[in-house]
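Each chain, letter by letter, is given below.
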Amino acid sequence: MLRRSCAMAAGLAAAVFAGPACANLAYVSNEKDNTMSVVDTATMQVVKTVPVGQRPRGITISHDGKFIYLCASDDDTIQVIDATTFEIVGTLPSGPDPELFVLSPDGKTLYVANENDNLVTAIDVESKEVTAEIPVGVEPEGMGVSPDGKTMVNTSETTSMAHFIDTETHEVTDNVLVDTRPRFAEFKPDGSQVWVSAEVGGTVSVIDNKTRQVVKKIDFAIPGLRSEAIQPVGICITADGKKAYVALGPANQVAVINTDTYEVEKYVLVGQRVWHLAFTPDQKTLITTNGNSNDITFIDVATDEPVQSVTVGQQPWGVVVSPN
Amino acid sequence: MKGMVPNTLAVFFGLFLASVNAWPALAQQPSNQAQAAKPQNQSIEIKIGYLRAYAPQLALSVLDIPPGDEGVAGANVAINDNNTTGKFLGQKFTLDVNEVKPDADVVQAFNDMIAKGDRYVLADLSAKQLLSIADIARDKGVLIFNVGATDDILREEECRVNVFHIEPTRSMLADGLAQYLIWKQWPKWVLLFGSHEPDHLFADALRRAATRFGGQIVAEKEFKDTGTSRRTDTGIIQIQQQMPVFMQDLPEHDVVLVADESQVFGTYVPYHTWIPRPVAGSAGLVPSSWHPASEQWGGSQMQNRFAKASGRRMLSKDMSAWTAVRIVGEAAARTQSDDPKKISDYIRSDDFSIAAFKGQKLTFRKWNLQLRQPIFLGDRTSVVSTSPQQGFLHQVSELDTLGVDQPETKCTLK
Numbered sequence: 001m002l003r004r005s006c007a008m009a010a011g012l013a014a015a016v017f018a019g020p021a022c023a024n025l026a027y028v029s030n031e032k033d034n035t036m037s038v039v040d041t042a043t044m045q046v047v048k049t050v051p052v053g054q055r056p057r058g059i060t061i062s063h064d065g066k067f068i069y070l071c072a073s074d075d076d077t078i079q080v081i082d083a084t085t086f087e088i089v090g091t092l093p094s095g096p097d098p099e100l101f102v103l104s105p106d107g108k109t110l111y112v113a114n115e116n117d118n119l120v121t122a123i124d125v126e127s128k129e130v131t132a133e134i135p136v137g138v139e140p141e142g143m144g145v146s147p148d149g150k151t152m153v154n155t156s157e158t159t160s161m162a163h164f165i166d167t168e169t170h171e172v173t174d175n176v177l178v179d180t181r182p183r184f185a186e187f188k189p190d191g192s193q194v195w196v197s198a199e200v201g202g203t204v205s206v207i208d209n210k211t212r213q214v215v216k217k218i219d220f221a222i223p224g225l226r227s228e229a230i231q232p233v234g235i236c237i238t239a240d241g242k243k244a245y246v247a248l249g250p251a252n253q254v255a256v257i258n259t260d261t262y263e264v265e266k267y268v269l270v271g272q273r274v275w276h277l278a279f280t281p282d283q284k285t286l287i288t289t290n291g292n293s294n295d296i297t298f299i300d301v302a303t304d305e306p307v308q309s310v311t312v313g314q315q316p317w318g319v320v321v322s323p324n
Numbered sequence: 001m002k003g004m005v006p007n008t009l010a011v012f013f014g015l016f017l018a019s020v021n022a023w024p025a026l027a028q029q030p031s032n033q034a035q036a037a038k039p040q041n042q043s044i045e046i047k048i049g050y051l052r053a054y055a056p057q058l059a060l061s062v063l064d065i066p067p068g069d070e071g072v073a074g075a076n077v078a079i080n081d082n083n084t085t086g087k088f089l090g091q092k093f094t095l096d097v098n099e100v101k102p103d104a105d106v107v108q109a110f111n112d113m114i115a116k117g118d119r120y121v122l123a124d125l126s127a128k129q130l131l132s133i134a135d136i137a138r139d140k141g142v143l144i145f146n147v148g149a150t151d152d153i154l155r156e157e158e159c160r161v162n163v164f165h166i167e168p169t170r171s172m173l174a175d176g177l178a179q180y181l182i183w184k185q186w187p188k189w190v191l192l193f194g195s196h197e198p199d200h201l202f203a204d205a206l207r208r209a210a211t212r213f214g215g216q217i218v219a220e221k222e223f224k225d226t227g228t229s230r231r232t233d234t235g236i237i238q239i240q241q242q243m244p245v246f247m248q249d250l251p252e253h254d255v256v257l258v259a260d261e262s263q264v265f266g267t268y269v270p271y272h273t274w275i276p277r278p279v280a281g282s283a284g285l286v287p288s289s290w291h292p293a294s295e296q297w298g299g300s301q302m303q304n305r306f307a308k309a310s311g312r313r314m315l316s317k318d319m320s321a322w323t324a325v326r327i328v329g330e331a332a333a334r335t336q337s338d339d340p341k342k343i344s345d346y347i348r349s350d351d352f353s354i355a356a357f358k359g360q361k362l363t364f365r366k367w368n369l370q371l372r373q374p375i376f377l378g379d380r381t382s383v384v385s386t387s388p389q390q391g392f393l394h395q396v397s398e399l400d401t402l403g404v405d406q407p408e409t410k411c412t413l414k
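Those protein sequence lines, which keep their order, are chains A and B. With my numbering applied, the first sequence covers 1 to 324. With my numbering applied, the second sequence covers 1 to 414.
It is possible that some hints are incorrect.
What the hints assert, rightly or not - Once the Cα atoms are required to be at most 30 Å apart in a straight line, the calculated DSSO-like pairs of lysine-lysine come out as:
1) K243(A) / K266(A)
2) K308(B) / K217(A)
3) K221(B) / K184(B)
4) K32(A) / K366(B)
5) K216(A) / K366(B)
6) K128(A) / K308(B)
7) K116(B) / K92(B)
8) K243(A) / K216(A)
9) K92(B) / K217(A)
To be verified - Selected chain B positions facing chain A (in silico; Cβ < 7 Å):
10) T84
11) T85
12) F88
13) N304
14) S353
15) A355
16) Q360
17) K361
Because the hints were derived from the structure by calculation, they are not lab data. The beta carbon of each residue, even a glycine, is placed where N, CA and C say it ideally should be.
Bound-form chain B, shown alone (with noise of 0.2 Å):
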């Protein structure tokens, strides 16, 4: 962040402490109304904590590191945001970062942050950190956003009453994917996988997608991690002659699906195919939660304000991260509270939505508490589309054809 946008508020601040007087006893108001609210000169605090699994990483690609701030600068902005909107209603955000390393134990530093007083953790751990915090999260009334994990078993048996997920699942982005070559009239596929857990689970979500949307998947193909670097100083003379020897025996086929969330292969697909067609999944035409050029409803507001305040893109874990601190900045306005349980009700009521420039309100699935939300699909440098896809229709949400619907859940919140 900026030195500047912490002073420019303070500015702010003060003019309207100096210009307006006060209004009485917050406590009053009743929620979901929409009231004339005066500024404050009182404010109530409210601290979002964030907790993130990080290790510096590496990428196929140099493009594709994620940055160090992956997520946490997008939170930042959302405070910054909140706190534009809390001057007006007396309400005050800060954001409270604590950092492990991938696979650490998480239990003593969540334990630590709820001493603190966090009452709202954004989690960007994975699926087996989440859970070994979620019950005591549950149990001290600690609400919890998932910005990190998209399995989908977060969401169906290993779902949660106190863990809101933010980050779309593997299935919504594979059904996001698949509803749009359909739409093409591409529905032969073959899949290319990676031979780590999170591969698996990626090829798993298309291939469900396959059969939900009458894609046809004709062959199938592991591509096994042999612990080969990812950088020597002439390694794409190989790769482009072993990319295409690894796909020659495929049968015809429209598109090349790639499961590689572990970037040990994808990213050498495109342009390395036995035969010429495009290729999708983790590679080429990629489905996300965000895309850092998206500029579509209203999007290049946000994009301008993130670039601004963190001098580079927006990317898909900072959109959620951005978002879940809104949520709850939108609560904590709707209900002029900071208290959780009134903040929990909010968001699960009706009258919740929330805005993320995707063209349309986003609202939680009440059955697992999954932010429905269109999916983006684009490559490196532009969003070619998004889904649901014209056509795909559902008697509640056209984003519910999207993932796991209601009568398919697996989840009992508990």
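Chain A extracted, bound-state conformation (with noise of 0.2 Å):
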């Protein structure tokens, strides 16, 4: 999903970047009608609706840009989607009710959060096995990957832990108390931090990944909102590490953090609930789904302003944006 395209930028940018700009595909799972929007970036226009399976939610994709991978929660799979035809041309082992997941750097594996186990499921995205099943707290739902790919990160929502795994041995080496139903973890570029999002707490985390410790804790206030409006869900971060985004659910609202002082220095109106976030390649555009306004938000990052909304499927919940 979303974590990975926002990583991948990390990659990408130097390659990619300021060119004009380029016209990727932005792929939107909504969770209601069970289909994926396919919208041009540089139009802003949806070039496609395809029908998937039920209540789709968690989406990433290849970093070659040939595959979608798409949780298909009620159907208890992970849908493959060939990015040129739109047709399902696979399915993968998720385990009952996948919701969120994440590719590993070299786009070998992919850890699956299995909510209803209380396990981390690590599938090799080739064989189509599953590799490795991991212990984790109550309710896994956030899931982040270091950018050297050794270790990853799971947030479990009832336990309030982020957990740290070796992705070699698959153990957990750390746990550290987040406050209230952890949603998201991702990983600073230079994988020195992890930040991770308590959607019941209101607050983001931001871990040291040497130390394990919280470092900082960032709160939220916005003038005329009431505190429990306020829901951290989504998080971005640019590829240089300066600016994070985090969205704010039902406060309609994305935080603009500057991640040398951790303050807020701005916050975007978009649409309604706004859930996950993802940056387009070049690192020009953030795009933001809102699920109860049905439509996603288009953010110009140099001024942080929004700058179009467009009307998508039901209930949108995450975004991926093609590397190419």
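Need the complex rebuilt from these two chains, each delivered in its own frame; the hints are there to steer you.
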């Protein structure tokens, strides 16, 4: 899903930099109407709507851009979609109710959170086999992987922990308590920190990847909004590591955070119940999914101004942008 | 609980014990700090007691007969959840369930539990039974979590410093319902209430809600319990004739409110009204602290877990008991302690909140230790809405538009 697209941008930023707005395709999973919207990021228009499995949520793409992986939660499977023909060409054995996953930097392993069994499952995408099952806390959800691929972080929602997992031994090495209901884990592109959002706690915990200690807890305050309405979910950090974007759910805004000072420098008003985020590979645009207003918003990363909102399917959930 | 669960847990424990080095001296960890916690090889046991007044009970509809493990099943799922977290922190939770008859004296049973070492006790008791043990508990340093009694008086005149209320009050339930009816612009109500004390108390809460939110109760009528049996082979014939007649002289109204906690007539009101009107309260659109079909806000995860463990759907009392056990688990994890004083302090602190699949964090009202929470409004098959409704504003928390608010409280914690 999105986290890969964000991290991927780190690698691609050097290669693709600063041409004219490149025409990439954004893929949006629409949780409620069982479709995937395909959006041209240059024209900001929906070019195709693809029927997929039931309750599509987590979405990501292979590093060569050929295959889209999609969690079809109510079908208890991960669908593999050909990014050229948009046909479903296979499935992966996710276990029940897959919601979020992350693709390893080498593109070989998909790590999936299995909430029903309190497990993280590692799937070899080529052989389509489960290679490891790692016991974690209650309701595993957020999945992040370090840029060097050595460390994976899973968040468990009811346990309120970030579990650090060694990807070689598949063992949990550290468990870090964060605030209530952690939803998402995002490594900084240099691998120095992991940012973990706590939806119900209303904060983002910044965890040092060396000491595995929380070094900063970021709070949000928006005038006129009660604190219960501020529910951080998706996180994206720019390739240069300077700015972090945090989707604040029913607050309908995205916070822009200076990663040096940890200060929120701006709140960008987008659509209703903003859930997940993805950069375009050129890092010029951030795309948000707004579940309750059935649209996505394009944000200009240079000015942090919303540029345009585009209606997609019902209850857009996740978004990923093609790398090429 | 299925036999599989403990086995699975045991396997997990084994894995962790084998794989991870020990973390020394738990006690040195400061509270409230997010700490890197290594999996433990030494467990602290935290025993949670459960005291319930229970006897099999009839209902007008066989679908409404409470399951024998109502509440307890929720507590058991939370014990498992706490233990999954606890394996990373060296904490092990167990549940000690004790049962008495409704209306029985509970003091002896409670004292036995204290003697066994229970320091956290979930109480699914009547208000009277709960009050009979509250002060004993206070003097022994025991925290009580009320998961059964909706009586406002326990949070008001008879509030106690060591009794946390997880179950919402009748006034919170009535306010949640009233807000929705006002939002719908259905403000004219008739109130039908049963003749037993709980029915009268719920009727009082509905009257209070009408006053607070601008509803108008245009007529009231008591349905006397004359001692009829709840099931007869052809009873439906008489019900179809009697119920409309009972309601035929009521003035024009938008909604029929029913207060029948005692299950004497409420179930028979929908579709038997004299004029076609929706029904709400103890029948029709029912306010509750949980709904067996709620899947919002991650609820499907909770529902799946509960159904797998208990073989049935999750009811409100299950959710209250789950939440109570999770509150102890959350406080034990955050304080890294099993000391009731530390746990009690943490639950009362500004740092405390609990997530219970209701779309926002839940916290305690400090003035009477009632858990703030949204109220579900649902019929038999689905959730219709959740309150507080949009537009009912509050300077502290919109959840405080439900029930007795701080300026009106009669509670002095003692």
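Given N304(B) as an interface hint, is the shortest Cβ-Cβ distance to chain A below 7 Å?
holds (6 Å)
Are the Cα positions of K221(B) and K184(B) separated by 30 Å at most?
Roughly 24 Å between the alpha carbons, so the hint for K221(B) and K184(B) holds.
Holds or violated: is there a CB of chain A closer than 7 Å to the CB of A355(B)?
holds (4 Å)
Restraint check for K128(A) with K308(B), where alpha carbons must lie at most 30 Å apart
Roughly 27 Å between the alpha carbons, so the hint for K128(A) and K308(B) holds.
Are T84(B) and chain A close enough, Cβ to Cβ, to be under 7 Å, as the hint says?
Given a least distance of 5 Å, the restraint on T84(B) holds.
Restraint check, 7 Å cut-off on beta carbons, for F88(B) near chain A
holds (4 Å)
If you draw a straight line from the CA of K243(A) to the CA of K266(A), is it 30 Å or shorter?
holds (11 Å)
Given a cut of 7 Å on the nearest C-beta pair, is the interface hint for Q360(B) held or broken against chain A?
Holds, about 4 Å.
K308(B) and K217(A) were given as a pair; does the straight-line alpha-carbon distance stay at or below 30 Å?
violated (36 Å)
Straight-line Cα separation of K116(B) and K92(B) no greater than 30 Å?
holds (17 Å)
Check the hint pairing K216(A) with K366(B) against an upper bound of 30 Å on the C-alpha distance.
With Cα atoms ~28 Å apart, K216(A) and K366(B) stay inside 30 Å; holds.
Go through the hint on S353(B) and say holds or violated, using the shortest Cβ distance to chain A against 7 Å.
holds (6 Å)
In summary, the numbered hints that this structure violates are 2, 4.
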